[in-house]
Structures are given as structure tokens and as C-alpha cells.
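Colleague: The lines below spell out each chain.
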Amino acid sequence: MTKNKTLIEITNLTMGFDQRLLFKNLNMTIDKGDFLSIIGPNGTGKSTFLHLLMKKLTPKGGKVTYIGTNFGPKQIGFVPQTRNIAEDYPLNIFSFVGLRLYDNLIPWLTRKDKEKIQAALKKVRLTEKSDNLLYSSSGGEKQRAYIAQALITKPKMIILDEPTNGLDERSKNEVVEILKNLQVKDHVAIVLVSHDPDVVRKNSTKILQLNGDATFAVGDQTLVEKNNVEF
Amino acid sequence: MLNSEFMLNAFVAGTLIAVVCGVMSIFVLIRKLPFLTHVISEIGFSGAAFGIFAGLPPITGMLIFTSLAAVLTSVGANKFSSNDSLVSVISALFMGSGALFLTLAQGNASYATSLMFGSITAITKENVQQIMIVAGLVLVTIILLFRPLKYDSFDPVGSRYSSLNSYVISLIFLIMTAFTASVAAQMVGALLIFVLLTLPAAIAFYWGRNFFELIVISICCALIGTWGGLYLTYVTNLPVTFFITLIESILFFGTLLAKKVQQ
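In the order they appear, the protein sequences are chains U and L.
First residue of the first sequence? That's 1 in the working numbering, and the numbers climb one at a time after it.
First residue of the second sequence? That's 1 in the working numbering, and the numbers climb one at a time after it.
If we strip away everything but chain U, and leave its shape as in the complex, we get (with noise of 0.2 Å):
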């Protein structure tokens, strides 16, 4: 692997809600190539955190800088949690990921939007079920069309809320797999958050514990023995 090369840098960072304090005073960067597991209960503050990184919420404290002119919003991707797609309307898995295509003024997918969108689902491997229907498709297939539309614009870090959640044994295997393919061979760094013990042990190269108490662990895969975390 390459160098590590932070990517974000978080100095003190402090967030809350009315009185309580989430994290206080965390400091941590993210570098090119990490995979980094966020983990805690629930109400704990992981998704929160992960807004603070897209910097789509202001923290109460501290900062969130994104290092080097070629890292900001665009270069991070992001797969939420829940998604409200427009189920009922024949969208296909290609379609979808065209989706985000959207700086263009040209109204059709041009040759060269075509060929992102097959490099994208080819890393995910879904290049011979583009034509499906996504609601038709099932839940392992629908996470890696949302990673895959994640990837359409290369992105140097890709932020997951809870991406193997409600998936079987060997669907969460496909997109984990997927996630280590992109952090070992493309060097882009794995955010997410995830309640599952198996990924975070397997994968991670830092661990982010969120306590919901103002008190939090940063640490590598030993952190989880250590602390004894509740997942």
C-alpha cells in the first residue's frame, strides 16, 4: 500500500444535542486507505459523526478540515442508511447509478457517462444484473448498486451507515469484500459504521468507540477486546 496520506483531520471536535454531550474534544485523522469502523450503541453519535465528516452539521466545537486542494465534498461518497428511492418506477440498477451523474447539462447519458457507469458496476459486480430492476433486487444487490453509485465519481473516501445491516451471511461477505477490494487496491478510504463484531474485527485498521457520554476510544482491532465494546 502506498504511503498514508491524511485525507481529514478532526481537532478537538465536540458535538452535542440540548445538554448532552456526544463526543468532547476528539482528535483523529483519515488517511488515504484506512478502514475505519465506527462503533457503539445506539444514540451513541456514529451517524452524527459522520455528518460532522461530510460537514453537513456544524460541530459545537473543534473542526473537521479536509487536507490537500484535491480533497473536498466531491472526492467523498456516500451511502446512507435509508433510502427513499422512487421504488415504484422502472428504474433499472444502471439507471441508478447514472444518478449521479448530474453535472452535466446534456439531458441523456453520453458514451463516456455510459463507461463510468460500467467501470463503477463492474467493482461491485453487478455488470450482468444492470438491466434488473433495483426494487425488484435484492437486498445485498441494492447495497452494492448504492456503493456502486457511491463510486461513479472515483471518490478518495467512501462513508457507509450501517452497510451490511439486515443482510445475510453471504451478502454482507459480497460487500465487505468489495469494501476491502477498494480500500487494498484503490487506496480509497472505508468509513462506517457498523454493529456487526465479524466486519469490524476482520477489516479495520482503526476503530472509532463512541460511548454517548462526551467519552470515546480511538484505537486499532485490539481496541475492541480491550474496552470489552458492546456492539
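It is worth saying that the hints were derived from the structure and are not from the lab.
Even for Gly, the Cβ is constructed at its ideal location relative to N, Cα and C.
Possibly wrong hints are sitting among the right ones.
[Said to hold, decoys possible] Reference excerpt, derived from the structure (chain U facing chain L, CB under 10 Å, subset only):
| no. | residue |
| --- | --- |
| 1 | Lys56 |
| 2 | Phe78 |
| 3 | Val79 |
| 4 | Thr82 |
| 5 | Ala86 |
| 6 | Tyr89 |
| 7 | Asn92 |
| 8 | Ser95 |
| 9 | Tyr146 |
| 10 | Gln149 |
[Claimed, not checked] With a Cα cut of at most 27 Å, we get these calculated BS3-like pairs of lysine-lysine:
| no. | chain 1 | residue 1 | chain 2 | residue 2 |
| --- | --- | --- | --- | --- |
| 11 | L | Lys259 | U | Lys116 |
| 12 | U | Lys74 | U | Lys185 |
| 13 | L | Lys150 | U | Lys74 |
| 14 | U | Lys32 | U | Lys56 |
| 15 | U | Lys112 | U | Lys123 |
| 16 | U | Lys56 | L | Lys259 |
| 17 | U | Lys129 | L | Lys259 |
| 18 | L | Lys32 | U | Lys142 |
| 19 | U | Lys74 | U | Lys122 |
| 20 | U | Lys185 | U | Lys123 |
| 21 | U | Lys112 | L | Lys150 |
| 22 | U | Lys55 | L | Lys150 |
| 23 | L | Lys150 | U | Lys123 |
| 24 | U | Lys154 | L | Lys150 |
| 25 | U | Lys5 | U | Lys24 |
| 26 | U | Lys142 | U | Lys154 |
| 27 | U | Lys114 | L | Lys150 |
| 28 | L | Lys150 | U | Lys142 |
| 29 | L | Lys150 | U | Lys129 |
| 30 | U | Lys180 | U | Lys74 |
| 31 | U | Lys172 | U | Lys123 |
| 32 | L | Lys150 | U | Lys56 |
| 33 | L | Lys150 | U | Lys122 |
| 34 | U | Lys180 | U | Lys206 |
| 35 | U | Lys172 | U | Lys202 |
[Claimed, not checked] A few chain U positions that, by computed beta-carbon distances, are all more than 12 Å from chain L:
| no. | residue |
| --- | --- |
| 36 | Gly16 |
| 37 | Met28 |
| 38 | Thr58 |
| 39 | Arg83 |
We have chain U already, so just place chain L on it with the hints.
Modeller: Relative to the frame of chain U, chain L by itself:
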């Protein structure tokens, strides 16, 4: 039929209205906005009454009122969570104002009826020119905004987390809906605009396999209803709105039946 000037005016206006409504109805349905569209069209009636009262062309009054309602709804929806209550209140307020302006303008009942239910004899050459300008503006805006609008309509959650300004897209779309409602009211009337702003797309969703097909089928359905309605009105002298709603409904129920048989 097209030798008479008023029928030619109605035909040109109807064709433009059908094309714009065919395109807009696709987005109206995907964005789940039929109720709001109905409200905006009712507000168009109040706007026309305001136009008569203020000595403005009725279409100008409609454009002002419907656009204002679109902006208020959009800003309100951004600030408050209860969108349906907000839309109801705005609708009631504008409709009440419509009754007031119509009384103040001493408008006669037949004019009010033509505003509510539409009329082809009321379409003048000037109306056709106004419709051309507004329809052109709507179509150009939708073409320029096509990709972001499509993304925001099909995948609103994804769009919110992208670098797109979802709120601005939504606002522009609502203003374009208001413009469409204002021009369509000239023919089908304020009360029944939603016929052309929902039914063509509702039919298209049963047949279209991709977005291009959806738009083509939707425009065709709107054109069939409008042209058929104009012809039947010419032959029978009965209201065009009745025929347009009848044809669109037949197409819709025919589609349901055909799909049932296919299964």
C-alpha cells in the same frame, strides 16, 4: 376544424400545454406532489380573479399567485415539518382571497366558470403567445435542470447528501409547476389542471421501461386527451374539460384492465 381562428388558437395552445404537462407530470408523480399540484391549480383561480381586480391579464395574476404559493410552500416545508397542514392553510388563504377579489372586481358568474373549468373559446391570439413564452421557459428550465432534477426526484436522500442544493432544485421545480398550472388553466380550467399534471404520467408508468419512454408515453397521452377533447368539443359544443378528463380516465382504466389481462 382548424379553419376557424379560435379552434386554431385552441389547437396550438392545447398542443403546447399537453407537451409541458406530459413532461412535468412525470416529475410531479415521482416527487409525490399530486396534492400540491391540485392546490396550486386552485390558487391559480384566485390569481386570475386578482388579475381581473387589479386590471392585469388573468394569466399574470395566476403566475403571481401560483409562484408565490410555490415559494411559500417551499420555504415553509423547509422550516416546518407538517407540510400537508401548511399546504392546506396556504390553499385556504389564497382561495378565500380569490372569492374576495372576484366580488371586488364585480366579475360575472360566467367568467368565473370559465376560469374554474376552462374554455377553448376564451383562448385568444395573445393567450397563445403568452402560453408559448411560459411553456418555452418551463421546457428550457427542465432541460437545463434535467439531470439534477432526475437525481433529486428518484433518490431524494442521496441527493441531499451530494454537493447538489436539493432545496433550490425543489424550489425551481415548484415554480415551474406553478407556471405550468397557470398556462394549463387557460384550457382545462383551474379545478382540473391536475388531470393533465398527473394522469398522463400515471398511465406512462404502467408502460414505460425507461425514463425516455416514460416521457414520450406521457406526452402522447396528454396529446391524445387534448386533441381528442378539442375535436369532440368542436363536434358537440360540450365542455373541452369534460372530454379531456374522460379520455384520460379511459386511457388510465384501459391501462389497468390491459395490465390485469396480461397478468
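Colleague: Check whether the Cα positions of Lys150/L and Lys123/U lie no farther apart than 27 Å.
Modeller: Cα-Cα ~24 Å, so holds.
Colleague: Within 27 Å, alpha carbon to alpha carbon, are Lys172/U and Lys123/U?
Modeller: holds, 16 Å
Colleague: Are Lys180/U and Lys74/U close enough, with their CA atoms no more than 27 Å apart?
Modeller: Holds, at roughly 22 Å.
Colleague: Between the alpha carbons of Lys112/U and Lys150/L, is the straight-line distance 27 Å or under?
Modeller: Given pair Lys112/U, Lys150/L holds - Cα atoms ~19 Å apart, limit 27 Å.
Colleague: Is Lys150/L close enough to Lys122/U, meaning Cα to Cα at most 27 Å?
Modeller: Holds: Lys150/L and Lys122/U sit about 24 Å apart, inside 27 Å.
Colleague: Could you grab the alpha-carbon distance between Lys259/L and Lys116/U and see if it respects the 27 Å cut-off?
Modeller: violated, 36 Å
Colleague: Are Lys129/U and Lys259/L close enough, with their CA atoms no more than 27 Å apart?
Modeller: holds, 25 Å
Colleague: Taking 27 Å as the top limit, are the C-alpha atoms of Lys5/U and Lys24/U close enough?
Modeller: The given pair, whose Cα atoms are some 25 Å apart, holds under the 27 Å limit.
Colleague: Within 27 Å, alpha carbon to alpha carbon, are Lys112/U and Lys123/U?
Modeller: holds, 17 Å
Colleague: Mind checking the alpha carbons of Lys32/L and Lys142/U for me, to see if they're no more than 27 Å apart?
Modeller: Holds, at about 22 Å.
Colleague: Using 10 Å as the Cβ threshold, decide whether Tyr89/U counts as touching chain L.
Modeller: With a minimum Cβ separation of about 6 Å from chain L (threshold 10 Å), the hint on Tyr89/U holds.
Colleague: Any CB of chain L closer than 10 Å to the CB of Thr82/U?
Modeller: Hint holds; Thr82/U Cβ to chain L Cβ min 7 Å, cut 10 Å.
Going down the numbered hints, you'll see the structure goes against 11, 16, 39, while the others check out.
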